[in-house]
Amino acid sequence: LASSLPGALEFLSVRRSAGGGGAVRIAVLNGPAGAGKSTIGRLIEAAGAVRIPRLTNRLARTGEVHGKDYRFITTEAFEALQREGKVLAPKATYGSYRGFLKEDFIRLTRDGRVAYYTEGESSLTALREIMGELPLDPGEVLHIFLLPPSFQHLSDRLLKQEGAGHFDRKEFELRLAEGLEYLRKSEV
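For the sequence shown, the positions run 116 to 303 when the working numbering is used.
Since the hints were derived computationally from the structure, they do not count as laboratory data.
Hints may contain errors.
Okay, the calculated beta carbon distance ranges per label pair [to be verified]:
no., residue 1, residue 2, range
1, 158, 279, 31 to 39 Å
2, 268, 192, 32 to 40 Å
3, 138, 292, 19 to 27 Å
4, 226, 201, 15 to 23 Å
5, 158, 284, 28 to 36 Å
6, 275, 158, 15 to 23 Å
List of simulated lysine-lysine pairs, DSS-like, C-alpha gap at most 27 Å [said to hold, decoys possible]:
no., residue 1, residue 2
7, 217, 206
8, 275, 285
9, 206, 285
Quick reminder that beta carbons are idealized off the backbone N, C-alpha and C, glycines included.
My request is simple: use the sequences and hints to build the entire structure.
Printed below as a string of structure tokens:
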């Protein structure tokens with residue numbers, strides 16, 4: 116994986132010829148929980164991209180950093196930002212609110228840096244909303260869909276995350292079922 120990533124990262128920095136031709140400004144890493152979005156994201160960050168942190172009202176997990184991994188806010192603050200039209204792609208997932216602070220997208224794309232975010236099942240819905248709110252050409256957005264190589268690999272990754280206290284058994288089962296559905300849909 117790591118040996119094939121430099122070519123993909125180089126692709127992020129060059130001008131694209133399809134879909135309008137602009138340089139990639141936003142990369143979307145999409146896939147089920149446990150597919151490797153965070154792993155790929157860290158490699159992209161090491162090459163200079165900036166993660167767009169998601170807003171959430173859930174508690175931080177061990178090792179997560181406010182403002183980098185997520186913006187941890189109260190339910191009341193999330194709802195207020197949403198009423199003010201400052202939240203892009205809001206949704207409820209695994210019992211928590213999630214969304215993006217519109218200003219983060221505006222600032223990062225204005226600064227000319229390549230930004231990325233990770234997304235699960237509703238990535239295309241979120242992407243459509245984001246693109247409707249920002250001055251982005253379709254050619255400036257790179258959508259990368261990740262799938263684990265097997266159900267066993269997915270299960271092992273999720274068990275490791277559960278063991279680290281990232282979520283409980285019930286959420287493990289929900290995430291595993293979501294991942295299985297992704298794998299089923301990907302079969303040719």
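Checked hints:
1. 158 <-> 279: 31 to 39 Å: violated, 20 Å
2. 268 <-> 192: 32 to 40 Å: Roughly 37 Å apart at Cβ, these two residues keep to the hinted range, so it holds.
3. 138 <-> 292: 19 to 27 Å: violated, 38 Å
4. 226 <-> 201: 15 to 23 Å: holds, 19 Å
5. 158 <-> 284: 28 to 36 Å: Because 30 Å falls inside the window, the suggested range holds.
6. 275 <-> 158: 15 to 23 Å: holds, 19 Å
7. 217 <-> 206: holds, 14 Å
8. 275 <-> 285: With a Cα-Cα distance of about 15 Å, the restraint between residue 275 and residue 285 holds, given a limit of 27 Å.
9. 206 <-> 285: Distance ~20 Å between residue 206 and residue 285 Cα, so the pair holds.
Consistency note: the structure conflicts with the earlier hints numbered 1 and 3.
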